[in-house]
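Peer 1: First to last, the protein sequences are chains C and P.
FYI, my numbering numbers position 80 of the first sequence as 80, with every residue one higher than the one before it.
The number in my numbering is simply the position in the second sequence, starting from 1, with 1000 added.
If you are wondering where the hints come from, they were derived from the structure by calculation, not from laboratory data.
Each residue gets a CB set at the ideal place from its N, CA and C atoms; glycine is no exception.
Watch out, some of these pointers could steer you wrong.
[To be verified] Restricting the straight-line Cα-Cα distance to at most 27 Å, the calculated cross-link-like pairs of lysine-lysine (DSSO-like) are: (1) K1010(P) - K1049(P); (2) K20(C) - K45(C); (3) K377(C) - K1271(P); (4) K1049(P) - K1038(P); (5) K1038(P) - K141(C); (6) K286(C) - K275(C); (7) K1049(P) - K377(C); (8) K316(C) - K347(C); (9) K275(C) - K264(C); (10) K279(C) - K316(C); (11) K286(C) - K1375(P); (12) K347(C) - K1274(P); (13) K377(C) - K1289(P); (14) K275(C) - K1049(P); (15) K1182(P) - K265(C); (16) K141(C) - K1274(P); (17) K1242(P) - K1271(P).
[Unchecked claim] Now the stretches of chain P that chain C is said to cover, found in silico as 3 or more residues with beta-carbon under 8 Å: (18) 1343-1356; (19) 1363-1369.
[Said to hold, decoys possible] Some chain C residues close to chain P (C-beta under 8 Å, calculated; not the full set): (20) H11; (21) L295; (22) E299; (23) L337; (24) V360.
So you can see what is in the structure, the chains are spelled out below.
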Amino acid sequence: MTTDLYASSEHEAFRATIRKFTEQELRPRAREFDEAGRIDKVLFKKMGALGMLGLRYDPEYGGAGLDWSFSAVMHEELGRSDNAGATLAVSVHTEMSTPSLAQFGSEELKRQYLIPAIAGETVSAVAVTEPDAGSDVSAIKTRAVRDGDDWVINGSKMYITNAANADWLCLLVVTDPDAGYSGFSQIIVPTDLPGVRCDLLDKIGLWGSDTGQFYFDDVRVPVSNTIGDVGRGFQQQMMQFQDERLVACISTLAGAELLWEETKKWTEERILFGKPLSKMQNTQFKMAEMWAQMLAAKELGLAAVRALVAGEDATKTITAAKVFTSNVAIDVATACLQLHGGYGLMKESMAGRAYVDMRVATIGGGSDETMLQYLAKQLGF
Amino acid sequence: MSDAIPAGWKSEDHVLYADASRQFLAQEVSPHIERWRKQGVVDRELWTKAGEAGFLGASIPEAYGGGGAPRSFDAVFFYEHARTGDSGWGVAIQSIVSHYITAYGSEEQKQRWLPGLASGERIAAVAMTEPGCGSDLQAVSTVAELENGQLRINGSKTFITNGQMANLICLVARTGEVAGAKGVSLVFVETEDAPGFRRGQNLEKLGMKGQDTSELFFEDVRVPESNLLGGSGGHGFIQLMKQLVWERLLIGVVALGAMDSMVEATASYTKERKLFSRRLFDLQNTRMKLAEAKTKAEVLRSFIGDCLERLDRGTLDPATASMAKWWGSQMQCEVADECLQLFGGYGYMAEYPIAQAFSDARAQKIYGGANEVMKELIARSLDV
Chain C
1 MTTDLYASSE
11 HEAFRATIRK
21 FTEQELRPRA
31 REFDEAGRID
41 KVLFKKMGAL
51 GMLGLRYDPE
61 YGGAGLDWSF
71 SAVMHEELGR
81 SDNAGATLAV
91 SVHTEMSTPS
101 LAQFGSEELK
111 RQYLIPAIAG
121 ETVSAVAVTE
131 PDAGSDVSAI
141 KTRAVRDGDD
151 WVINGSKMYI
161 TNAANADWLC
171 LLVVTDPDAG
181 YSGFSQIIVP
191 TDLPGVRCDL
201 LDKIGLWGSD
211 TGQFYFDDVR
221 VPVSNTIGDV
231 GRGFQQQMMQ
241 FQDERLVACI
251 STLAGAELLW
261 EETKKWTEER
271 ILFGKPLSKM
281 QNTQFKMAEM
291 WAQMLAAKEL
301 GLAAVRALVA
311 GEDATKTITA
321 AKVFTSNVAI
331 DVATACLQLH
341 GGYGLMKESM
351 AGRAYVDMRV
361 ATIGGGSDET
371 MLQYLAKQLG
381 F
Chain P
1001 MSDAIPAGWK
1011 SEDHVLYADA
1021 SRQFLAQEVS
1031 PHIERWRKQG
1041 VVDRELWTKA
1051 GEAGFLGASI
1061 PEAYGGGGAP
1071 RSFDAVFFYE
1081 HARTGDSGWG
1091 VAIQSIVSHY
1101 ITAYGSEEQK
1111 QRWLPGLASG
1121 ERIAAVAMTE
1131 PGCGSDLQAV
1141 STVAELENGQ
1151 LRINGSKTFI
1161 TNGQMANLIC
1171 LVARTGEVAG
1181 AKGVSLVFVE
1191 TEDAPGFRRG
1201 QNLEKLGMKG
1211 QDTSELFFED
1221 VRVPESNLLG
1231 GSGGHGFIQL
1241 MKQLVWERLL
1251 IGVVALGAMD
1261 SMVEATASYT
1271 KERKLFSRRL
1281 FDLQNTRMKL
1291 AEAKTKAEVL
1301 RSFIGDCLER
1311 LDRGTLDPAT
1321 ASMAKWWGSQ
1331 MQCEVADECL
1341 QLFGGYGYMA
1351 EYPIAQAFSD
1361 ARAQKIYGGA
1371 NEVMKELIAR
1381 SLDV
């Protein structure tokens, strides 16, 4: 598939590094992470040491000062970990919970939280969704009330990835219920504070990912933990969502590509009615259709990366890519499972796991419905 | 099924039987689904309770302890069972195996096995699939060799429903030297009397968590030659082809039950859930998706009703049953997917019935003959 964005020798060398990391540290332990329900936190330190956790961030704070093309390379390779939960754990930390801090955080806040996050000494999570507010972000109720130099926070957040491993949350709260879209703020909340509690959730897929519900009961954090200006949280989160959605496209597609490759091997080995399954026209057409769909999804994702690298707005492209890629990935997982027959229904099979893992794609990071509504609005409807 | 079914197959007795089924399932199945999912298998007593209440042998002839009713009564029960959301209880297999015996068994075999299947003392399994052969039945490699009036069985089977609990196994094995269809037979194995028979572990699956799906191993297992279904070998392929019509239709029936239950649950959830200060149900996308799902269920209902009528008359052909299987399971998976989507994040949480219904549905497109095989059979019917 097209590689113009990654043509440089730096990209190739970087890709080789990440591929080696994925093959040595993640793939062999993919089932172990499922059993544990989370990845080994030590891996964050290893990734920090390899410089993987702050690719686009300022070297001043330990970042590499690179652009999105390197992030894309990294997530394409991490997406081949054979554990969508493990892939997600990293991408939450690098693209979903730290971008706002890096872009809008105060010097002091960046020294305190961004430096250790880039080093992999701490793990972060983003907390937006609530039990009664998912697609409608503006309906969140978690409230921070100012008391002197502190915020006092009460409420609950749902479906939080990295729930068990996270040391701090990038939390979206209501700071002024009467101020409309100017009434939200992003606040960094350490998870070990008194009043913070978390229950882990059991999902139909993403078994290697620690998903949880957080409860906040009179949790006190300094007002200086606010990322950027008080009242700008909604807008900052909308920007942070762009990185979240783009990385979702890239990792999901990488997982689908790996599954496609493994399924091709399976159909070559599986004998049915006296010949390999791969020799049947139905198999070949399905595989070819999937390849075409994946190529289109890849190009759409790359279009977004190119725009970001060129400093252009990529919101429409990212939104379109999120819907398109999620559905391609689900279709690929559905078709690959079918080609695996009964074995595909076993919990241990890659096809089976991908089927339940991929299902989250049209829900997490902004559901299809949210994406389409957002896109329609941007298209002038 | 729904009162809206105008099909001729449905009598007053079917309606009463549906009521009784719902009552039984509400007491004996619904309260236990979560526990069965955790233990990976249903309770042994469920089988005997269902047997006592007359639900296992409804379509077994009265002379052998059954109710003597047409198979459409079993279909009513399986439909109601699917509506509960339980996927653990492999009760349909009981009916499938009963009908192998009713159709092809010798008098002695009927007397020996049917009463136990009707009472729940016996739990049936069909052991067809092997690690190296699923859709391609003629490639079966498990062997039952005739030796001094006994059959010596060697081989292994996989993905067997009721694998941990079954004590009467209808085994597909190769009995002759002849390659292909003519060397295949159905052999019954009573597990309590079968040294060399071993159950593998309860397999971990994507869905159907309460179902004890297993591998089965046969190592020099000896059974009397009289355990060959019908008393002589070589008829297995024909017997399977004829009876698979029933198995495939009931996959469509189960699909319908699951779809009705999902549409109902999703309509109810979207009416409670508030989004952008309105009911989720009031958003146009939700209305369109639910309307589509409901239409799929109603179209399937008509088709299943038609198939059941033909089944009871004995005129349901393999191609039509294959259509019910592939189309029903395809619609079920589509509806599961759309309904889950309307639940948002909750739909991805394992404890939610819609999440379970989604994971459970996936097997329907594979077992009972992969949907590709169904389409191949339909195509063959167009090429005569």
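Peer 1: If a hint holds in the structure, say so; if it does not, say that too.
Peer 2: Against the structure, the hints:
1. With a CA separation close to 26 Å, the supplied pair K1010(P) and K1049(P) stays within the 27 Å bound.
2. As the CA atoms of K20(C) and K45(C) are separated by approximately 16 Å, the hinted pair is consistent with the 27 Å bound.
3. Proximity of K377(C) to K1271(P) is assessed by CA-CA distance (about 25 Å); at most 27 Å being required, the pair is judged to hold.
4. Distance hint between K1049(P) and K1038(P) is fulfilled; the C-alpha atoms sit about 21 Å from each other, no more than 27 Å.
5. Straight-line distance between C-alpha atoms of K1038(P) and K141(C) comes to about 35 Å, which puts the hinted pair past the 27 Å bound.
6. Taking the CA atoms of K286(C) and K275(C), the gap is near 17 Å; set against the 27 Å cutoff, the hint holds.
7. Restraint check: the Cα-Cα separation between K1049(P) and K377(C) comes to about 58 Å, which exceeds 27 Å; the hinted pair is violated.
8. For the hint linking K316(C) to K347(C), the alpha-carbon distance of about 37 Å lies beyond 27 Å, and the restraint is violated.
9. With a C-alpha separation of about 15 Å, the suggested pairing of K275(C) with K264(C) holds against the 27 Å cut-off.
10. A hinted pair counts as satisfied when its Cα atoms are at most 27 Å apart, and K279(C) with K316(C) does not qualify at roughly 41 Å.
11. Taken as a hint, the K286(C) and K1375(P) pair is honoured in the structure, with Cα atoms around 15 Å apart against an allowance of 27 Å.
12. In summary, the hint linking K347(C) to K1274(P) is not supported, as the alpha carbons are separated by about 35 Å, beyond the 27 Å threshold.
13. Between the alpha carbons of K377(C) and K1289(P) the distance comes to roughly 21 Å, so the proposed pair stays at or under 27 Å and holds.
14. Proximity of K275(C) to K1049(P) is assessed by CA-CA distance (about 47 Å); at most 27 Å being required, the pair is judged violated.
15. For the hint linking K1182(P) to K265(C), the alpha-carbon distance of about 32 Å lies beyond 27 Å, and the restraint is violated.
16. The straight-line distance between the Cα atoms of K141(C) and K1274(P) is roughly 14 Å, inside the 27 Å bound, and the hint therefore holds.
17. Taking the CA atoms of K1242(P) and K1271(P), the gap is about 46 Å. The hint is violated against a cut of 27 Å.
18. Chain C is given as covering the stretch 1343-1356 of chain P, and this holds because 9 residues of the stretch bring a CB closer than 8 Å to a CB of that chain, at least three being needed.
19. Note: the stretch 1363-1369 of chain P has 4 residues with beta-carbon separation from chain C under 8 Å; the three-residue rule is met and the coverage holds.
20. Taking 8 Å as the C-beta contact cut-off toward chain P, the hint placing H11(C) at the interface is violated, the least distance being around 34 Å.
21. For L295(C), the interface hint is violated, the least distance from its beta-carbon to any beta-carbon of chain P being 24 Å, above 8 Å.
22. For E299(C), the suggested interface contact is broken, since its CB lies about 26 Å from the closest CB of chain P, more than 8 Å.
23. Using the Cβ-Cβ criterion of 8 Å, the hint placing L337(C) at the interface with chain P is satisfied: the shortest such distance is roughly 7 Å.
24. Hint status for V360(C) relative to chain P: holds, with the closest Cβ pair at about 5 Å, below 8 Å.
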